[in-house]
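*Asks:* As a plain string of letters, each chain reads:
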Amino acid sequence: MRTHSRASRRLVGLAVVVALGAGTVAGCAEDPAEPAAAGVATAGGVGRDGGTTLTVGVFGAFGLKEAGLYDEYMKLNKGVVIKQTSIERNENYYPQLLTHLGSGSGLADIQAVEVNNIAEITATQARKLVDLGRTEGVRKESFLPWKWSQATTADGRTVGLGTDIGPQGICYRRDLFAKAGLPTDRTAVGKLWAGDWRKYLAAGKRYQARAPKGTVFVDSAAGVMAAITGGNETRFYDAKGKVVYKTNPAVRRAWDTAAEFARAGLTGRLQQFTPAWDQGFANARFATVSCPAWMLGYIQDKAGAAGKGKWDVAAAPRPSNWGGSFLTVPAAGRNTAAAARLVAWLTAPEQQAKLFERRGSFPSAKAAYDLPAVSGARHAYFGNAPIGRIFAGAARGVPVQIVGPKDLVIAQNLADVGMLQVDQKGRSSKQGWDAAVKAIDNALDQ
Amino acid sequence: MAGDTTTVAPSRWEGAPVPEPAEGGRKPRRSRLHRWDLRWSPYAFVAPFFLFFGVFGLFPLLYTGWASLHRVELTAPDEMEWVGLRNFSRLLGDEFFWNALTNTVTIGLLSTVPQLLIALGVAHLLNQRLRGSMFFRVAVLTPYATSVAAATLVFVLLFGRDHGMINWALGLAGLDAVDWQNGAWTSQLAVSTIVVWRWTGYNALIYLAAMQSIPHELYESAALDGASPHQQFLHVTIPSLRPTILFTCVVSTIGATQLFGEPLLFNGGAGATGGADHQFQTLGLYLYEQGWVNLHLGRASAIAWAMFLILLIIGAVNWLVARRLRRSS
Amino acid sequence: MSGVTPGRRAGWIGHAVLALFAAGSLFPLVWTAIAASRNTTRLAQTPPPFWFGGNLLRNLRIAWTDANMGTALFNTVLVAGTVAAGTVLFSTLAGFAFAKLRFRLKNLLLLLVIGTMMVPPQLGVVPLYMLIAELSWTDRLQSVVLPTLVSAFGVFFMRQYLLQALPTELVEAARVDGASSWRVVWHVVFPAARPAMAVLGMLTFVLAWNDFFWPIIALTQNGNPTVQVALTGLGRGYIPDQSVIMAGALLGTLPLLLAFVIFGKHIVGGIMTGAVKG
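Protein chains in written order, with this note's numbering: chain A, 38 to 483; chain B, 700 to 1028; chain C, 2 to 279.
With the rest of the complex left out, here is chain A (with noise of 0.2 Å):
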């Protein structure tokens, strides 16, 4: 922290001087211990000991400082010294990630993409990043193999490594169920809907005929369409790369099954990561919504200690994953080998495993399910579920999905346009798809 450089000093001192016209501050400018100073030092250069300083950027709540796996590599690393900037965004983050890949300036020596970009980054930055295939110890073996493919280009250059993925569980509170009349052992309430989402749907029927006031079966229809598409091998794009979600019938059947949500009034009407929603979990408003495994972090802070030991864990009706990101390491950077390394080490099994322990974030790399931490873990406040056995399940069921460059602005403007409307606006089915595909053409129209 207390690194600084010469220049940037005397810049500091300069700019005192013009802000206060007079020279009565500068002196300060030039005791060693200003606290400025700390912030002076320029990212991911030499460090006073001749160390390594590495800079990790990230969005939201990615969980490799919580988790304590920085401080360990430093341990393991003496000289090392890992910083991490977070944006709490990706729709912030992403295109600040461009613009600094664009003029090959600004970056940190790792930056995290999100699964949802990863098709874009790989087809249009993969020369300004580097092959993180070829770095020692990584092994491509470990990894899920769509995953591994996902990151990396068509002459077989792996631009990012996995982190975490995102299998699905259908999230419910027990002590709801049990007022309206619906089994809570978590093994019957999968049995509830296992292997078809439109019994899902019927148990959300049930669930609203008897629920207690106040409460609905769902969050969101939005969600629920998201968690249904995640199932599917094609999504928005075919294996040729033409976008296909329009005419996909595995997208028409999530719509409709979810816009009947929504018309049997089985939601709650929210619209996801939004300030109503996380009031909804801390109000217990609603008894299920679909979790990937980085959510369960999430809903445990925002439903809080009231929550704890009435939400439990099932597994969804069909194996489905939604999000997961990956680390890349931008070829500008001034430790690229270094960087190279901290990623490798980041991914590997053994802290993918520790990840999910400490933080939910399930593994991408399949070498790590084996691994006790993950098989056998347990989640104390989800009324200590065996989270490992249940997304473990889930991730080995999910398909190999195509991405494609525009994944997020697609499933957005289906989220937050089409489904919305119909959720939040009472529209119908049609005029929501509609009011969707038209929002989607005129953003992939470049």
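In short, the hints are calculated from the structure, not lab data.
On a predicted model such as this, the values are computed, not experimentally measured, just so you know.
Yeah, the Cβ is synthetic: ideal placement off N, Cα and C, and Gly gets one too.
Some chain B residues close to chain A (C-beta under 7 Å, calculated; not the full set):
#1 His-862
#2 Asn-881
#3 Gly-967
#4 Gly-970
#5 His-995
Here are some chain B residues the structure puts well away from chain A; computed CB gaps all over 12 Å:
#6 His-733
#7 Gly-753
#8 Leu-815
#9 Ser-832
#10 Thr-952
#11 Ile-1013
#12 Gly-1014
#13 Ala-1021
#14 Arg-1022
A few chain C residues facing chain B, derived, Cβ under 10 Å:
#15 Gly-15
#16 Ala-23
#17 Leu-94
#18 Phe-97
#19 Leu-102
#20 Arg-103
#21 Ala-193
#22 Leu-208
Fit chains B and C to the known structure of chain A by using the hints.
*Replies:* Chains B and C alone, transformed into the frame defined by chain A:
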């Protein structure tokens, strides 16, 4: 705008350089310097602005203009494909653009008009002798000190459908809860509320500063003529404030046209769509969505230039109206 | 408070209206503080909390440590101070020239100034970033200072103010006495412009303090953040507690409010005494 300068009487000081007497004869050095100073100092005064603007403003502006004639994506900003005026012509048929334009106008009216009227009233009150005037001045300015992000964060909670304080208060009054975000008018009203809240005190302060410079004698002579305080406000204060009022109108109009942060964040962080129906998507937000979400820099540049042109038109109309008003008065 | 304040004393109605307006202005901020003193669960309940809970200090501390706030505050004071000083100085000079001097291309240049205000700021970002990168200024404070060191708004503001507040005769009189332009600026323009300079300085300072869009592109949290850049890490998910996010919002605003309270007298004083005495 230029018309305002006619109110300033031309003088020797601001006159064109006086032609040198032909018969020559050595002018004292001081006088030459003086003339030189007269002639060039105006340029020296405006130079810093144009210098910095040239480096950090003009280049982005020209680049944007150039980019608007190309297909260019944020994924590869240096790969441009010439498309001529296509990015502009397609705006004509782009219903999202027209929707955003309409929203910008309605939100602009909903926020600017009350904002300036209230500000004028508040400034008038602040201009009187007050108990605790210091407190009022600081209090009135706190919204401006609050960042858009912080302000909108609070208002999103206050305007919440299920647990917001406003709906709670409506409930106390026996009224139904309002789904602020999903209604076209309600969402625009809510966004406008944030704008009015943030900027009214600011404009009041600008008016106050200008009111302080109105010579006291004007009020005294008006009072001698038997003008009531109300009449003094209308016939002394308002006319004296004309340049400042014009200024705030121009700035507020520009601000309203570029409105971006409030509608973006009012969406609770759920993207740049401006609601399920794009019901509060402004031009600034649409520009952002095209450039930073859809990554189409060329299209976004065209929207930016379209906004620029719209403002120029508004400015021209404004100027014509102002000139006519001045002539008639 | 001598100055030119119209002698009228505000009646109780005036006081009441102002009090109401002040309450409306303060309430959202006060409620931010209330929200920052609670926790997520309490914030989600109906009716919402109306009084402070016990978590304020704890939430402020978390927000402070997680957001690199010490560096950020120092940087922000530096940036906002420099930008405000530069803007006030350059705007006053240019505003004076546009208001009271005559020179070639004046109207065209003025239109250009006003025109630059109309360029939507979101779009200049990509080319501006390319420029900053070319100069190797990423994550350096000059990358956020220099592009905002002059402001078209400021020039226009000072011009409109001086049109009204600076009597042309005053300038002429100084001129007749043979004063150089710089002396005129120093002895005539600056005194007359003082109230507006105070206002512009404060407004610019606040604007620079809260600037967000460009700094998050140009600066990083670990390198050289400003307050707003530092706060971007305090998002949902990363910091799970809504109250902590509110505490962060409060932290970003409080120093400004403190400055208002401390320097407010000077600013207001500048407004009151600076006016031209005829």
